[in-house]
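Numbering (our numbering), first residue to last: 1 to 40.
Simulated from the structure, these hints should not be mistaken for lab results.
None of the values given here were measured: they were computed from a predicted structure.
Ideal Cβ positions, reconstructed from N, Cα and C, are used throughout, including at glycine.
Please note that the accuracy of each hint is not assured.
What the hints assert, rightly or not - Listed below are the simulated EDC-like cross-link pairs for lysine to aspartate or glutamate, each with C-alpha atoms no more than 20 Å apart in a straight line:
hint : residue 1 : residue 2
1    : Lys18     : Glu30
2    : Lys34     : Glu22
3    : Lys25     : Asp37
4    : Lys27     : Asp37
Stated by the list, open to error - Derived CB-CB ranges, DEER-like:
hint : residue 1 : residue 2 : range
5    : Ile29     : Ser7      : 29 to 37 Å
6    : Gln38     : Tyr10     : 39 to 47 Å
7    : Gln16     : Asp37     : 41 to 49 Å
8    : Ser36     : Leu14     : 27 to 35 Å
9    : Ala32     : Glu12     : 29 to 37 Å
10   : Ile13     : Lys34     : 30 to 38 Å
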Amino acid sequence: MSQSSFSPQYYEILQQIKEFDESYKDKSIEEANKQSDQFP
1 MSQSSFSPQY
11 YEILQQIKEF
21 DESYKDKSIE
31 EANKQSDQFP
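Input sequences plus hints: build the corresponding full structure.
And the structure:
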């Protein structure tokens, strides 16, 4: 029973990590684009 009450929190944390990871990747891509613009 304790697992079922723990799962929603765990799922929420996973979602937050995924969102943070995606936003971090977006920033990395933007940085890479800036650098490639500086060095064509």
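Taking the hints in turn, this is what the structure says about them:
no. : hint                      : result
1   : Lys18 / Glu30             : holds (18 Å)
2   : Lys34 / Glu22             : holds (19 Å)
3   : Lys25 / Asp37             : holds (18 Å)
4   : Lys27 / Asp37             : holds (15 Å)
5   : Ile29 / Ser7: 29 to 37 Å  : holds (33 Å)
6   : Gln38 / Tyr10: 39 to 47 Å : holds (42 Å)
7   : Gln16 / Asp37: 41 to 49 Å : violated (32 Å)
8   : Ser36 / Leu14: 27 to 35 Å : holds (33 Å)
9   : Ala32 / Glu12: 29 to 37 Å : holds (31 Å)
10  : Ile13 / Lys34: 30 to 38 Å : holds (32 Å)
Of the numbered hints stated above, the single one contradicted by the structure is hint 7.
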